[in-house]
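The task is simple: from the sequences and hints, build the whole structure.
These protein sequences, in sequence, are chains A and B. Sequential numbering from 1 applies to the first sequence in this note's numbering. Sequential numbering from 1 applies to the second sequence in this note's numbering.
Worth double-checking, as some hints may not be accurate.
No distinction is drawn between identical chains; accordingly, a pair holds when it is met within one copy or between any pair of copies.
Said to hold, decoys possible - In the DSSO-like style, the derived pairs of lysine-lysine whose C-alpha atoms are separated by at most 30 Å in a straight line are:
#: 1; residue 1: K86; residue 2: K43
#: 2; residue 1: K86; residue 2: K109
#: 3; residue 1: K86; residue 2: K42
#: 4; residue 1: K42; residue 2: K109
#: 5; residue 1: K7; residue 2: K114
#: 6; residue 1: K86; residue 2: K114
Hints were generated in silico from the structure; no laboratory data involved.
There are 2 protein chains.
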Amino acid sequence: MEIDFRKGDGLIPVIVQDASTNEVLMMAYMNQEAWEETLRTKKACFWSRSRQKLWIKGETSGHYQEVREMFLDCDSDTLLLKVDQKGGAACHTGYRSCFHRRYEDGEWKVSGEKIFDPKEVYGT
Amino acid sequence: MEIDFRKGDGLIPVIVQDASTNEVLMMAYMNQEAWEETLRTKKACFWSRSRQKLWIKGETSGHYQEVREMFLDCDSDTLLLKVDQKGGAACHTGYRSCFHRRYEDGEWKVSGEKIFDPKEVYGT
Chain A
1 MEIDFRKGDG
11 LIPVIVQDAS
21 TNEVLMMAYM
31 NQEAWEETLR
41 TKKACFWSRS
51 RQKLWIKGET
61 SGHYQEVREM
71 FLDCDSDTLL
81 LKVDQKGGAA
91 CHTGYRSCFH
101 RRYEDGEWKV
111 SGEKIFDPKE
121 VYGT
Chain B
1 MEIDFRKGDG
11 LIPVIVQDAS
21 TNEVLMMAYM
31 NQEAWEETLR
41 TKKACFWSRS
51 RQKLWIKGET
61 SGHYQEVREM
71 FLDCDSDTLL
81 LKVDQKGGAA
91 CHTGYRSCFH
101 RRYEDGEWKV
111 SGEKIFDPKE
121 VYGT
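Have a look at this one:
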């Protein structure tokens, strides 16, 4: 039973969940290399589709994701990671979760908690 | 602020989470039509990539997903639904979650709870 990287042209979606609260933090993609790097280091590593390169989550911000548990779905083409989120926030905007906009009365309204200021972390 | 269906050729990944336990149940895809159907009915509706048609989750099994909350990610291209899972199981194999295989000692081992027998539900 292996991860099926073929369906998504070499990429699989990966859901990342906070291991202690079960909050969904983000979704990203892995290729075979990112998967092997994640296994080796026990830190989440993805494939950046926009930059077309390996992306060790937290490499710039220090907000690494230490992997506690990994789950594979019934089709073997989607992963779920339970992680310990260093720095308390997964989103590059400074919010704890990338899913910080909630649908209310026909609009997406910010509902999450801002943990850090992106300018201070990324210097841009 | 709208959902961006363009990046994924008209499809966005949708993570489905149990509203009461925060367990991640499954991941599927929506197109614009599935999104509008979900909004209209408050039941999760997806686009089946294998069957190339709208897929009202639970239409065959009765295991509908009543949508409680919806969240959009920072890139506006991934959705998170919190649902009330009718019948207690989201996976067509009868397990509560599609992510019922856990990585242990280099292998994927079944770790989830089987809620129903697919033969009884789908008759196949």
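Verification of the hints:
no. : hint       : in the structure
1   : K86 / K43  : within (11 Å within a copy, 35 Å between copies)
2   : K86 / K109 : both (26 Å within a copy, 28 Å between copies)
3   : K86 / K42  : within (13 Å within a copy, 35 Å between copies)
4   : K42 / K109 : between (34 Å within a copy, 19 Å between copies)
5   : K7 / K114  : between (36 Å within a copy, 27 Å between copies)
6   : K86 / K114 : within (15 Å within a copy, 34 Å between copies)
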